[in-house]
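Colleague: Protein chains in written order, with numbering that gives the first Met the number 0: chain A, 0 to 266; chain B, 0 to 266.
If you are wondering where the hints come from, they were derived from the structure by calculation, not from laboratory data.
Treat each hint with caution, since some may be false.
The list cannot tell twin chains apart, which means a pair is met if one copy fits it or any two copies do.
Unchecked claim - With a straight-line Cα cutoff of 25 Å, these simulated SDA-like cross-link-like pairs (lysine to any residue) come out:
#, residue 1, residue 2
1, K74, R84
2, K74, G85
3, K134, A146
4, K177, G69
Quick caveat, the model's predicted, so the values are computed rather than measured.
Protein chains: 2
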Amino acid sequence: MLFAEQLALTDRGLHYGDGLFETMAVVDGRVRLLPRHLHRLAHGSARLAIALPDLSALETALQEVAQSMGEGVLKLIITRGSGGRGYAPPQDAEPTLILLRYPQNLPTLDDAQAGIVLRLCTLRLARQPVLAGIKHLNRLEYVLARAEWHEPEIAEGLLLDTQGELIEAVASNVFIVKSGCIFTPCLDQCGVAGVMRAEVLACAERLGVAVGEARLCLDDVLSADEVFLTNSLHTIRPVRVLHEHREWAVGALTLRLQHALWGALCV
Amino acid sequence: MLFAEQLALTDRGLHYGDGLFETMAVVDGRVRLLPRHLHRLAHGSARLAIALPDLSALETALQEVAQSMGEGVLKLIITRGSGGRGYAPPQDAEPTLILLRYPQNLPTLDDAQAGIVLRLCTLRLARQPVLAGIKHLNRLEYVLARAEWHEPEIAEGLLLDTQGELIEAVASNVFIVKSGCIFTPCLDQCGVAGVMRAEVLACAERLGVAVGEARLCLDDVLSADEVFLTNSLHTIRPVRVLHEHREWAVGALTLRLQHALWGALCV
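Let the hints inform the model, and build the full structure from the sequences given.
Modeller: Listed below in structure tokens is the structure:
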């Protein structure tokens with residue numbers, strides 16, 4: 000059995016957050032961007048020196064589950080496995096794989112085009128280059144950031160780091176458009192490098208739009224022509240409002256990118 | 000039943016490290032420093048807005064387990080509980096309590112007096128004031144720091160933060176002695192405020208020794224007259240060697256403090 004039916008109370012995922020996860024959209028019986036998810040998982044495993052499961056067996060298993068599900072969300076967790084007391088990773092740890100199914104309707108292109116309200120979080124992300132970019136299980140900062148608001152009309156929270164650099168949103172990456180160029184924050188100090196972020200970067204390049212990573216701050220958001228968020232489930236979401244700061248019309252370049260992205264995702 | 004027999008695969012302790020833990024020494028059928036452990040747990044729960052379990056019921060349950068164990072280690076984990084997908088903490092979450100028993104012999108005063116070899120870790124702790132001091136479940140930095148060495152003769156690894164400040168060791172707090180005064184690093188940016196650290200601070204005050212928190216760096220360690228570590232299981236451990244840096248004789252003030260501490264712990 001590839002996926003655990005229950006978790007040992009000694010699992011290091013619980014004790015230390017010693018593991019990784021992927022949240023994947025299932026559309027038309029297939030995992031969207033599966034190769035990118037598997038690639039990020041392999042990269043994260045290498046960074047944490049967690050033994051990688053057989054990726055082709057995992058791919059097959061995920062595809063089978065997706066097919067039986069039709070539409071929804073799959074969350075895969077991989078931990079270093081069970082261990083004794085103490086931080087030292089056991090030499091012979093067998094990784095634990097957990098798969099959770101959340102049947103639900105995913106946003107359509109129409110939903111995605113409506114645009115969202117964003118707020119600025121008070122919590123600032125810590126800078127830890129050793130963990131930056133990977134989707135590990137140490138997510139207390141994001142829990143605390145998400146706990147800052149309850150208003151259902153606010154879809155996301157913007158996150159700066161402790162030095163005031165723009166990083167991402169709580170469960171999304173952020174992009175800004177300035178004079179026809181697209182920028183997204185560097186994620187070498189903190190933040191999660193989303194698979195949809197990578198797909199959007201590739202999509203913009205295919206369109207011949209100038210696009211790249213940059214060191215950005217809140218002022219860059221406030222002076223941007225367009226702002227949008229990306230994540231695996233919501234694809235691209237234009238930002239209409241940064242609560243108590245600024246409003247934008249849904250931008251032409253954002254819409255163009257959104258159409259191109261959906262075209263590529265539906266192939 | 001106060002303690003969970005198994006963990007739901009949806010538990011937020013696993014998904015986000017959304018919880019706290021305590022590692023407690025059991026000696027002569029009693030939990031050592033139990034009031035300090037419960038106090039830290041209450042403080043951590045308040046910081047993370049995790050519903051606190053009934054502390055007097057928890058105290059009674061821990062004492063009963065300790066009595067049946069005699070000697071060993073108890074690890075208590077408390078998570079925010081189970082939840083749906085997404086970082087937002089559920090309003091009605093019921094905390095999960097997990098208790099793990101590790102029967103083993105604890106170090107004696109003789110063991111503790113022998114002194115240890117310490118190394119300097121390459122990993123630098125991130126500065127995150129919102130999480131600093133509390134014993135939460137986001138411990139990947141410590142896993143990676145502990146994975147830096149395999150030599151059994153090296154007992155602990157010294158940790159600086161990303162700005163080069165001295166913070167602690169992987170599973171201990173650190174103290175230095177200079178000209179008869181004792182200093183331990185401030186833990187307002189990162190690190191875990193150990194219960195034995197608090198006990199040693201109180202013990203030094205009772206002895207009339209000048210003692211306090213300070214912003215320290217590696218040079219302060221290298222120029223210290225004496226260096227020692229504290230943790231719940233090992234009490235005070237004199238540092239004899241900082242690997243590739245310096246050696247010390249076991250110091251008079253460290254030994255004096257060690258005797259006074261053991262006297263207080265055995266009451």
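Colleague: Confirm or reject each hint.
Modeller: Here's how the hints hold up against the structure:
1. K74 <-> R84: between (27 Å within a copy, 9 Å between copies)
2. K74 <-> G85: between (28 Å within a copy, 11 Å between copies)
3. K134 <-> A146: both (20 Å within a copy, 20 Å between copies)
4. K177 <-> G69: Result: close neither inside a copy nor across copies, 39 Å intra and 67 Å inter.
Going down the numbered hints, you'll see the structure goes against just number 4.
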